[in-house]
Amino acid sequence: ETGVTQSPTHLIKTRGQQVTLRCSSQSGHNTVSWYQQALGQGPQFIFQYYREEENGRGNFPPRFSGLQFPNYSSELNVNALELDDSALYLCASSLDLDRYSGNTIYFGEGSWLTVV
Amino acid sequence: AQKVTQAQTEISVVEKEDVTLDCVYETRDTTYYLFWYKQPPSGELVFLIRRNSFDEQNEISGRYSWNFQKSTSSFNFTITASQVVDSAVYFCALNYGGSQGNLIFGKGTKLSVKP
Numbered sequence: 001e002t003g004v005t006q007s008p009t010h011l012i013k014t015r016g017q018q019v020t021l022r023c024s025s026q027s028g029h030n031t032v033s034w035y036q037q038a039l040g041q042g043p044q045f046i047f048q049y050y051r052e053e054e055n056g057r058g059n060f061p062p063r064f065s066g067l068q069f070p071n072y073s074s075e076l077n078v079n080a081l082e083l084d085d086s087a088l089y090l091c092a093s094s095l096d097l098d099r100y101s102g103n104t105i106y107f108g109e110g111s112w113l114t115v116v
Numbered sequence: 001a002q003k004v005t006q007a008q009t010e011i012s013v014v015e016k017e018d019v020t021l022d023c024v025y026e027t028r029d030t031t032y033y034l035f036w037y038k039q040p041p042s043g044e045l046v047f048l049i050r051r052n053s054f055d056e057q058n059e060i061s062g063r064y065s066w067n068f069q070k071s072t073s074s075f076n077f078t079i080t081a082s083q084v085v086d087s088a089v090y091f092c093a094l095n096y097g098g099s100q101g102n103l104i105f106g107k108g109t110k111l112s113v114k115p
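Protein sequence lines correspond, in order, to chains A and B.
Per our numbering, residue 1 is the first one in the first sequence, and the count goes up by one each step.
Per our numbering, residue 1 is the first one in the second sequence, and the count goes up by one each step.
No wet-lab data here; the hints were simulated from the structure.
Be a bit skeptical, because a hint or two may be false.
Stated by the list, open to error - Keeping only pairs whose Cα atoms sit at most 30 Å apart, straight-line, the calculated DSSO-like set for lysine-lysine is:
#1 B:Lys-16 x B:Lys-107
#2 B:Lys-38 x B:Lys-110
#3 A:Lys-13 x B:Lys-107
#4 B:Lys-3 x B:Lys-110
#5 B:Lys-70 x B:Lys-114
#6 B:Lys-3 x B:Lys-38
#7 A:Lys-13 x B:Lys-38
#8 B:Lys-16 x B:Lys-114
#9 A:Lys-13 x B:Lys-114
Note that this is a predicted model, so its numbers are computed, not measured.
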């Protein structure tokens, strides 16, 4: 039990639609990251939010966007869904994550997205 | 380039056997952190260990042990006397200075422990 909760757990969307995934970070954690995990692959970093500002982004197009709220919860939005967006989306939280801290990163159970 | 390689895609053992999962990493940074995570079928990544680049001491936690060798850029994970509950996908990950604290994952090793 990591204290990181995600919703919804499973969802099915049609190509071209938009989706919003939600994450509540562990209490006191001010850093949230999102990862995409395709079947049979390791998670890939999408972006990170630190105190409501995006401060790192992986190799994902702009149709992947996010928000972090004052209570440090977060949303991942994906517009114009494509079939290849079908994956497990993982949210991770940590405290003051920067290049020097190396703090432990805790993951939620993920949201399984299927695009048809 | 920053990279993590887990050469073993799948491993199958019989309960009570010892098993070692290999992890080789690449980074130019001198300060970095290495992690192991366990992913059961439910999908959640369960944190197992974090090791910084300045601490090469091996670590043991119950049936789990980790061997960190900077000379070979490896961070291997051994499960002693494996159990069926150890069946999962195991990921090795790298967090280096230029990654803003985020993780570079290997492709994972699927471990199946049969009774």
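Each hint tested on the structure:
1. B:Lys-16 x B:Lys-107: Holds - the C-alpha atoms of Lys-107 of chain B and Lys-16 of chain B are around 26 Å apart, at most 30 Å.
2. B:Lys-38 x B:Lys-110: 10 Å, holds
3. A:Lys-13 x B:Lys-107: 27 Å, holds
4. B:Lys-3 x B:Lys-110: The hint holds at about 19 Å.
5. B:Lys-70 x B:Lys-114: The hint is violated at about 33 Å.
6. B:Lys-3 x B:Lys-38: Roughly 19 Å separates the two Cα atoms, so the pair holds.
7. A:Lys-13 x B:Lys-38: 29 Å, holds
8. B:Lys-16 x B:Lys-114: 9 Å, holds
9. A:Lys-13 x B:Lys-114: 37 Å, violated
Hints 5, 9 from the earlier list are contradicted by this structure; the remaining hints agree with it.
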